[in-house]
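Novice: Going down the list, the protein sequences come from chains X and Z. For the first sequence, position 256 matches number 255 in numbering that gives the first Met the number 0, and the numbering has no gaps at all. For the second sequence, position 68 matches number 67 in numbering that gives the first Met the number 0, and the numbering has no gaps at all.
By construction, these hints were calculated from the structure, which means they are not laboratory data. Treat the hints with care, since some could be wrong.
Identical copies look the same in the list; a pair holds intra-copy or inter-copy alike.
Quick list of in silico lysine-lysine cross-link-like pairs, DSS-like style, CA-CA up to 25 Å [as the list claims (entries may be wrong)]:
#1 LYS131 with LYS176
#2 LYS24 with LYS131
#3 LYS387 with LYS16
#4 LYS387 with LYS144
#5 LYS16 with LYS144
#6 LYS176 with LYS391
#7 LYS17 with LYS144
#8 LYS387 with LYS17
#9 LYS176 with LYS17
#10 LYS387 with LYS24
#11 LYS391 with LYS24
These numbers come from a predicted model, not from an experiment.
Number of protein chains: 2
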Amino acid sequence: MNKNAAFEIAEYERRLKKTRAAMAKAGLDALFITDPSNQAWLTGYDGWSFYVHQGVILTMEGEPIWWGRYMDMMGGRRTCWMSHDNIIGYGDHFIQSTEVHPMQDLAALLTRLGFEGARIGVEMENYYYSAKAHAVLSAELPNAKLSDATALVNWQRLIKSAPEIAFIQKAARISEKVMRTAIERAEVGVRKNDLVADIMHAGITGVDGDWGDYPAIVPLTPSGLDATAAHLTWNGAPMRADEATFFELSGCYRRYHAPLCRTVYLGTPSDEMRRVEAAQLEGIEAGLWAARAGNRTCDIANAFMDVMARHGIERSGRMGYPIGLSYPPDWGERTASIRSEDETVLETGMVFHFMPALWMDSWGLETTETILIQEDGAAKPLCDIDRKLFVKH
Amino acid sequence: MNKNAAFEIAEYERRLKKTRAAMAKAGLDALFITDPSNQAWLTGYDGWSFYVHQGVILTMEGEPIWWGRYMDMMGGRRTCWMSHDNIIGYGDHFIQSTEVHPMQDLAALLTRLGFEGARIGVEMENYYYSAKAHAVLSAELPNAKLSDATALVNWQRLIKSAPEIAFIQKAARISEKVMRTAIERAEVGVRKNDLVADIMHAGITGVDGDWGDYPAIVPLTPSGLDATAAHLTWNGAPMRADEATFFELSGCYRRYHAPLCRTVYLGTPSDEMRRVEAAQLEGIEAGLWAARAGNRTCDIANAFMDVMARHGIERSGRMGYPIGLSYPPDWGERTASIRSEDETVLETGMVFHFMPALWMDSWGLETTETILIQEDGAAKPLCDIDRKLFVKH
């Protein structure tokens with residue numbers, strides 16, 4: 000086994016077994032997996048090569064097959080746990096060609112493997128399986144039955160194993176470090192990009208021997224009116240007095256995340272902001288209390304919203320999602336959601352980014368936690384940073 | 000006009016005009032654009048929200064319409080140049096739902112705009128237009144004629160305007176800074192992640208008043224055998240003596256890039272590596288010489304390969320691509336390629352990452368340049384870093 004893969008072989012075997020049970024239930028002979036997080040979860044593959052077509056073929060027997068661009072096959076050999084025979088490359092002439100498409104090579108490979116008439120699951124709703132890829136693969140395999148297996152593997156990732164939780168805890172130590180850096184360095188006149196540079200530096204140096212990987216989302220650090228929007232990044236403007244800045248950050252340890260948000264106010268926050276802060280903190284406590292094994296994801300959202308309603312604050316929509324192993328552009332796992340319409344039953348070992356941010360008309364307040372569902376009692380926040388609006392004068 | 004948009008209105012008008020001419024030629028009434036780089040190029044939209052469905056509707060008249068998640072509409076108002084009426088949000092219940100899909104909202108919007116039976120171009124080969132999105136949009140608009148407009152906007156981006164070249168030159172100053180940091184800090188015993196932290200810090204602090212943005216690809220920094228693969232990132236292992244490390248890096252100024260690669264050897268490189276270095280440098284000179292207005296992209300590749308062949312080094316495949324404005328996961332523009340099959344005619348103002356890296360059996364040598372095609376003479380490398388294998392003892 001390749002020593003570069005992140006986990007022991009037993010962990011990958013657990014994952015294969017779980018996924019195959021789901022394939023059997025879905026009536027699939029094979030899966031073609033394009034989500035880089037799912038690829039890494041099953042095979043260990045780790046490289047910034049997802050911008051070209053690549054994927055993992057999983058059938059009901061044997062090792063998974065990693066398939067990608069020839070030059071990335073070399074990266075597969077360095078990072079996957081499987082034998083080199085099961086790491087397969089296609090020619091460079093397929094790359095961004097208007098004449099040939101990598102899915103032609105994949106179809107030929109599936110045919111050689113005897114799956115030209117098989118029931119094959121594909122991830123229809125994924126960044127890395129384009130509309131064109133699906134059209135070409137369908138045309139090249141007229142006798143196969145392609146069906147939508149979006150999130151089939153993602154759902155298997157929902158309950159984390161002990162080694163995965165250990166990775167997330169390492170990420171949480173890094174998240175604490177980056178958040179402390181952000182809070183300490185934020186002051187009037189500091190250019191936002193200089194602050195972000197320090198945040199990234201803190202994250203990638205890591206904590207003790209645990210080196211930092213790149214998070215799947217760059218630091219989101221909007222101030223003032225920009226903080227009424229959810230996903231602005233940064234610019235070179237100096238931080239100003241009497242503005243709130245929220246920091247949505249995550250440490251990353253070997254692709255595992257522990258997202259965390261805190262808000263910093265430079266000056267004296269208004270009574271209104273203080274009132275909303277108090278409500279938010281009370282709502283988070285209620286959410287953590289509801290986030291226990293046997294309850295449902297909607298119970299967390301409803302508990303938070305009940306507190307908000309009591310304080311006359313309107314908040315609907317999504318308030319969190321499972322996290323763990325991830326690649327850009329998203330660190331969420333894209334399965335359950337913490338929202339009133341979602342009834343996923345919480346189980347021990349699930350990890351969520353509980354994200355009850357409040358975006359108001361002229362400012363935003365983000366205070367969030369990465370939480371672990373425990374065998375008994377309320378969920379455990381994995382990062383240890385004071386839960387409050389940080390005020391600096 | 001919104002002061003946050005990166006360019007003057009005249010620049011956006013130029014872009015709209017060019018794109019509409021291409022639409023007319025393709026017989027399209029409307030375009031739905033999902034590529035975040037194309038969205039930003041047309042509207043200025045800038046946010047890390049491309050992990051949910053969003054896009055730009057461009058018709059033959061009026062302002063483009065930015066459409067996305069409600070909370071990102073707020074970001075659109077902060078970054079797009081259009082009036083707020085043309086920045087439209089959909090509800091949060093569409094996000095990662097298994098019951099409803101954002102493309103249902105888009106179809107309703109296109110219908111309201113009178114395009115339910117129109118000829119609409121979509122980007123079939125794009126990370127952010129999934130197979131599922133296409134299936135839903137097609138089903139919701141049975142009377143529309145959806146056709147593949149992949150790269151239609153990208154091709155309009157190939158020749159850069161003067162303000163765009165100015166942005167790329169700012170990015171090039173940042174690229175020089177990050178590469179100098181990498182070369183200076185690399186030494187035996189330095190953990191790779193600590194080096195990457197310094198690289199990122201250098202890039203994001205930027206140069207003078209020009210703040211650094213996040214590059215569309217994280218630093219690729221493999222050493223030794225890992226450098227036989229093209230796209231590995233980093234880990235926490237200390238750098239070792241007698242190994243080559245290549246650095247594939249880019250500064251980024253307001254989403255514009257200037258990628259640059261150099262290789263550092265810690266120790267005394269073998270005669271073989273020196274021989275390959277000399278050949279590569281000679282090949283790059285030949286490539287630059289061939290990279291002139293009126294020649295074709297294949298002429299650059301062939302000039303390089305001719306030199307390689309003369310030195311008995313086998314190199315085929317792709318050796319570069321246009322660059323400019325970009326979002327993850329790729330900083331290439333996904334149109335022309337510098338390769339022997341590609342006959343794109345070079346014109347003044349095109350900018351390429353000329354990338355004739357050599358991946359050998361047990362090491363890799365990356366020496367590359369971001370180049371500007373000039374009105375007269377050979378292409379101009381935009382970064383000023385010695386072109387050689389850097390040797391440190």
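Novice: All hints are to be evaluated individually against the structure, with a verdict given for each.
Specialist: Verification of the hints:
1. LYS131 with LYS176: Answer is neither: 42 Å inside a copy and 39 Å across each miss the 25 Å cutoff.
2. LYS24 with LYS131: between (28 Å within a copy, 22 Å between copies)
3. LYS387 with LYS16: neither (43 Å within a copy, 50 Å between copies)
4. LYS387 with LYS144: neither (53 Å within a copy, 53 Å between copies)
5. LYS16 with LYS144: So LYS16 and LYS144 pass the 25 Å test inside one copy only (23 Å; across, 44 Å).
6. LYS176 with LYS391: within (19 Å within a copy, 33 Å between copies)
7. LYS17 with LYS144: within (23 Å within a copy, 42 Å between copies)
8. LYS387 with LYS17: neither (40 Å within a copy, 50 Å between copies)
9. LYS176 with LYS17: neither (35 Å within a copy, 48 Å between copies)
10. LYS387 with LYS24: neither (46 Å within a copy, 57 Å between copies)
11. LYS391 with LYS24: Neither: 55 Å inside a copy, 58 Å across copies.
In summary, the numbered hints that this structure violates are 1, 3, 4, 8, 9, 10, 11.
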